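Each chain is listed here by its residues.
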Amino acid sequence: MLKEFTLKTDQEGLYNITARVGETVRESGVKDGIAVVWCPHTTGGITVNENADDSVRGDLLLGLDRAFPDRPEFRHAEGNSAAHLKSSCVGVNQTIIIEKGKLLLGTWQGIYFCEFDGPRQRKFFVKVMGGLKHES
Amino acid sequence: MLKEFTLKTDQEGLYNITARVGETVRESGVKDGIAVVWCPHTTGGITVNENADDSVRGDLLLGLDRAFPDRPEFRHAEGNSAAHLKSSCVGVNQTIIIEKGKLLLGTWQGIYFCEFDGPRQRKFFVKVMGGLKHES
Amino acid sequence: MLKEFTLKTDQEGLYNITARVGETVRESGVKDGIAVVWCPHTTGGITVNENADDSVRGDLLLGLDRAFPDRPEFRHAEGNSAAHLKSSCVGVNQTIIIEKGKLLLGTWQGIYFCEFDGPRQRKFFVKVMGGLKHES
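Chains as they are written, first to last, in this note's numbering: chain L, 1 to 136; chain U, 1 to 136; chain R, 1 to 136.
These aren't lab readings, by the way, just hints derived from the structure by calculation.
Here the structure is a predicted model, which is why all the values come from computation and not from measurement.
Possibly wrong hints are sitting among the right ones.
The list treats identical chains as one, so a pair stands whether inside a single copy or across any two.
[Said to hold, decoys possible] Only pairs whose alpha carbons sit at most 30 Å apart, straight line, appear in this in silico DSBU-like list of lysine-lysine:
1. Lys8 / Lys133
2. Lys123 / Lys8
3. Lys31 / Lys133
4. Lys102 / Lys133
5. Lys3 / Lys133
6. Lys100 / Lys123
7. Lys100 / Lys8
8. Lys31 / Lys123
One chain only, chain L, in its complex shape:
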């Protein structure tokens, strides 16, 4: 099963998409398998991190900005090479285990769409693969 989702982003941000990924797993009926979450953009990404304290998201964006700042030596004409770097650092996909029909996330884990070069209209995909019966 494959589903496509859209979201409208601000300049930068981490958007919690855990519920949408979880719903896709439920709809698919897959009990035992994997969910692949994919960002089809080169200045965005998908990451898994803290779902409780919202300030972590701001700290992640700040820390990435310091590690991968814009640089005068960059040659890409669009001027958003730092966003491309952050994308390759956090990655554009996550593969999450499905167990007993649910995402096997830790207590504090949420799935985030990362915007590094917004505001934009973005999309992401969720692919669910596996068995419809739990293998026990």
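We have chain L already, so just place chains U and R on it with the hints.
Okay, now just chains U and R, sitting in the frame of chain L:
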């Protein structure tokens, strides 16, 4: 097949879990497929890197620490935002190919659980998917 | 289906391997599933990023070099710890969704083999899993 493992960590460290992932593949009987290794913690991760010279592990921790240091501007009250950053950088999962019943790792590759905010009692999961016969 | 590819690299570089991954998917006949791309080296990686403006690749290498420079404190005798760091940052594998027999990449996305410590003779693997009929 899904297996859960536990480990006790120090303050920081890379822990070689290759043998445990390999055993899970053998136990599963899967000849041809994938193994998904998952860290359910937001201040840890899973990475694949050098299995021979132990000094690489220390260099990885040092280099990550310099790229993602603690910063006075961080707002997360727990004070471990740098560990969250390292987690999103190396990632919390790896998907490894299984060929002829074995992990398809390079000669120098090992699989590591990364602790960025210990000491703690941690766990990780290994999910094996695929066919029981080699497809040839 | 599993295929092994080789490539000859320069000192550093991002090599576009999208066509070879796409051909493997076509050859496999899989209509609906995933392709796992794996780099078996500890000083290389696999990333997904911009396929249009070549200058992005240079900017990515430059930005990674600044975030993960060589450091006098590094202890690894081979002297290539920075390359190991970049490998763990971008990762050695990508899992790409296959839909209707094709890689589900965004318009501007290409798949790259990353060389951080060449020139070398390198290889990478592509594993295709899934169904031969589209599930609709």
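Cross-check of the supplied hints:
For a Cα distance limit of 30 Å, the shortest separation of lysine 8 from lysine 133 qualifies neither inside one copy, at 36 Å, nor across copies, at 34 Å. When the C-alpha separation of lysine 123 and lysine 8 is checked against a cutoff of 30 Å, the pair qualifies only within one copy, where the shortest distance is 9 Å, while the shortest distance between copies is 35 Å. In the homo-oligomer, the alpha carbons of lysine 31 and lysine 133 lie at most 30 Å apart both inside one protomer (6 Å) and across protomers (21 Å), since each shortest distance falls under that limit. Proximity of lysine 102 and lysine 133 under a CA criterion of 30 Å is satisfied in both settings, with 13 Å inside one chain copy and 26 Å between copies.
Taking the closest pair of Cα atoms, lysine 3 and lysine 133 come within 30 Å of each other both inside a single copy (21 Å) and across two copies (18 Å). In this assembly of identical chains, the alpha carbons of lysine 100 and lysine 123 lie at most 30 Å apart whether taken from the same copy (28 Å) or from different copies (19 Å). In the homo-oligomer, the alpha carbons of lysine 100 and lysine 8 lie at most 30 Å apart only across protomers (27 Å), although the nearest pairing inside one protomer, at 32 Å, exceeds that limit. Taking identical chains as interchangeable, the C-alpha atoms of lysine 31 and lysine 123 lie at most 30 Å apart whether they share a chain (26 Å) or sit on different chains (22 Å).
Going through the hint list in order, the structure does not satisfy hint 1, though it satisfies all others.
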